[in-house]
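Novice: Chain residues, written in single-letter form:
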Amino acid sequence: MKPIYFYILFSLINLQAFSQTVITGKVTQEQGEALPGANVYLIGTYDGTSGNENGHFILKTKKTGTFDLRVEFMGYEPAVQKLELKGDTIRVNVQLKEAFNQLTAVTITAGTFEAGDKKQAVIITPMDMVTTAGAKGDVYGALQSLPGTTTNGESGRLFVKGGDSEESQTYIDGSLVYVPYNSSAPNLSTRGRFNPFMFKGTIFSTGGYSAEYGQALSSVLLLNTNDMPAEDQLDLSVLSIGTEVAGTKLWKNGAATGSLTYNNLAPYMSMTAQNYNWIHAPESATGALSVRQKTGKTGMFKFYTSFNKDAFTINQENIEPGGSSFDYHLANENYFMNASWNGHLGEKLAMNSAASFTNNYDDIRYDQTTIGKRIIGAHLKNSINYLFTEKFSLKFGGEFFTKTYSQNVIMPTETHDNNFTNNTIAGFTEVQVYASSKFVTRIGARVEYSDYLKSLNLSPRLSTAYKVTENSQFSLAYGWFNQNPVDDYLLYTNRINPERADHYTFSYQSSVNNRTLRIELYYKDYKNLVKTNGGEFYLPTSYTNLGSGYAKGLDLFWRDSKTIKNGDYWISYSYLDTKRDYRNFPETAIPTFASTHNFSVVYKHWLNGLRSLVGANFKYSSPRVYNDPNSPIFNGERMLPYRSLDLSWSFLYRKNIILYGAVTNVMGFKNEFGRRYASTSDVNGTYQSAAIQPSSNRFYVIACFITLTRKGNANQLDKIE
Amino acid sequence: MKKITLSLAVLFVSLVSMAQKPEFLQTMGETLGQFSTCKNAADFQALGNKFQMIADVEKAEWLPVYYQSYCYIIMSFLEPTDATKKDSYLDVAEKSIAKLIELVPNESEVYALQSFYFIGRLVVNPMERGQEFSGLSGQAVGKSLAIDPANPRAKLLKLQGDIGAAPYMGLDPKSFCPQAKELLANWDNFKPKSSIHPAWGKDQAEGIVKGCQ
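For the record, the sequence lines run as chains A and B. Start counting the first sequence at 0; every next residue gets the next number (numbering that gives the first Met the number 0). Start counting the second sequence at 0; every next residue gets the next number (numbering that gives the first Met the number 0).
Okay, the calculated beta carbon distance ranges per label pair: (1) A/N252 <-> B/D81: 35 to 41 Å; (2) B/Q25 <-> A/K81: 24 to 30 Å; (3) A/K390 <-> B/D171: 52 to 58 Å; (4) A/A434 <-> B/F34: 39 to 45 Å; (5) B/S35 <-> A/T88: 27 to 33 Å.
A partial selection of chain A residues facing chain B, derived with a Cβ cut-off under 10 Å: (6) V39; (7) E71; (8) N100; (9) L651.
Simulated coverage check for chain B against chain A, where a stretch passes if three residues somewhere in it have a Cβ under 8 Å from a Cβ of chain A: (10) 50-61; (11) 133-143.
Simulated from the structure, these hints should not be mistaken for lab results. For clarity, every value in this text was computed on a predicted model and none was experimentally measured. Cβ coordinates follow ideal geometry from the N, Cα and C atoms, glycine included.
Kindly generate the complete structure, drawing on both the sequences and the hints.
Specialist: Set out below in structure tokens:
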């Protein structure tokens, strides 16, 4: 008995040991194309293999019984198949489905320039924001090298697709910046309040943006501040116009950066030719503090606060009949605070809470007039994004804006005190659905109520994108955009309603190997614009919502970082056709801020031997219109075209020392922004006028940036402008 | 009685793990041996696949995940032009490194690997990513060296980073030669914890020293 038993046992073991199952097959994608190198293995065992270049695989195993065969390949959904292993040969052909990946899927690009993160298809990076020659280290200056914008040299603000500068809003980490620009004298260029080095990412939307953003007729600029700094450091910047010292200290999961800045243009202005007579050159001092703290696994709390004081006095020619020149003095105080929290509440739920507070005061004195203007604003916002599946997400949230504007005007004969407070409450919701990785749709709506205007409005938004090939796509956006009228009208009336613009945007984008082409067509339909009817400005009855207008155009963008070694350039062209009837316009006319053709080329080159980054920027804007009250035709005059060639050079002197120099308008083009006219005519019935010129024809800056760290090897490379 | 049961249980558990370990060790050893035969991205992908498979069986072991990630980083360096492909390899490595940090948050080798991964990201587009990723890579090396100041791979990565940045900083890359020679001379003094623990990098150190002559 015994031997037989043993014999059977032995043969069984033998069978087990020597029976080998061969699993063979081919791994393909859905269209049948072979996937080379797929991973093929039996789950829970060490038996596995990889496919060859034709997708074929052979897996030999001594295991018997039921096993799961897993086939996986990067970028595809893994497939699992149950197999009965009995020592024979099994043929298994596996088709893998492409996995859905939001990072590589189609994105909505109509109207949007996105910068930041490591995606390939970005148009302009945060680095570009600061290395564009001619931007003079100003965020808004850099954006003016993108299509859809019009350079207004007498303003410096953003004018987007036929929209006025008030129609653009700036958000930092989700909350509104009520006063994003420095105060400036009338007809002189200003710049943004914020240092571009603060930001790691930027989304500049020139139309058709998400329902999350309201109170902007033309564009939103979304700035995201840097996350955690890398190490403790001290930065010293000495510029021809001022100096800055900033210190960063890290602790566990947190960091703080404090900075002090002092700028004074007096020495610079005394050495260079100026078009105006400055009695007191612009002088400013700023203190800022930013704090970062990681909370939990995914949360990040950010806080930023700054206090800025600046002042200048400029002598202005008085063009009123019999007037003599007078000093225009402006002193500004700006307090700004911004806080945000971002994080995940569970796997599928992400939350963003943001708040901002602004207290801005302008003290203006000229001739015999004193004007005090104060803006106190706050914004609270909370938004939640819920990811039902990778392909379907819902965003909703609410926000609250409050703004108090007061203006006090003292003239020799009279005094005016006016103010208003407007509270706006808003709610928004939006769904984003990917039908496939090639097709995405975003539908949303926004409701806003203003308690001062007693108006309730609805803003539906729709955008969609379709990927035609691996590297190119079409995108469409449509929506209604509402915005409360400008402060200067709300001071005197609340009998008007928000203004509205409807956007239609169609864009095509193709991005191959660091070359990007983008073509965008758009149409904007302005309604309910505020118009004055000739009555006294302080009477509520002088204002109506009867204005209207349109803007349509074509934007082209080409960027190539590939063709020229160590070189990078982009070209923007915008064609704009716009007319409107608003404010004090007697009829429908082209507004002063619009120019038909805008052209810009930016070039940057890294010179290895010289350890230098050199940059050039050429800009052209076709002549804009302006109004001459002596002429019967409204806005019938044409100013000179705007032209400027700007150069910059950054030199890495030591590993922690950067020298920088820049000059604008190297060619010395004459730029003039029309003329300003007296409000009353002289004895001959003529309105006297003076040319509006830039502050100077050319601007130079030289700077030295020094970084000190414990390790002594960091630098301010990101400060190369 | 209780004691006996307990000791029996302990014995059983250790027997089982003993029984499993040899297969794990053997497979790991065999797979690691294949590194020397890898010539191109496809070879590294096949190897990465194998480590992925082992990781799938041995869910508590960090080394298979480590090597899988390492393979994908190497693949990104081997891809000649396609930036999207490079990034997609690095996306795989990124996920694995996140897993590693969860598995063994205090392992010097993991942060050295993370530093290597950041260099991979940097190389895809040095003009745009240079600043951010050289910082991140330096931070990761710092973490690695803080845990184990003797880790030769961390030292190597730091050295490579310094040498790579030298031309931009106005320094002579050769000024790092003494450091490189010292690193190579002491390389074998560092004993990996086991035969399957990370041991790579000596070739690269040799390469740097060779370049010095």
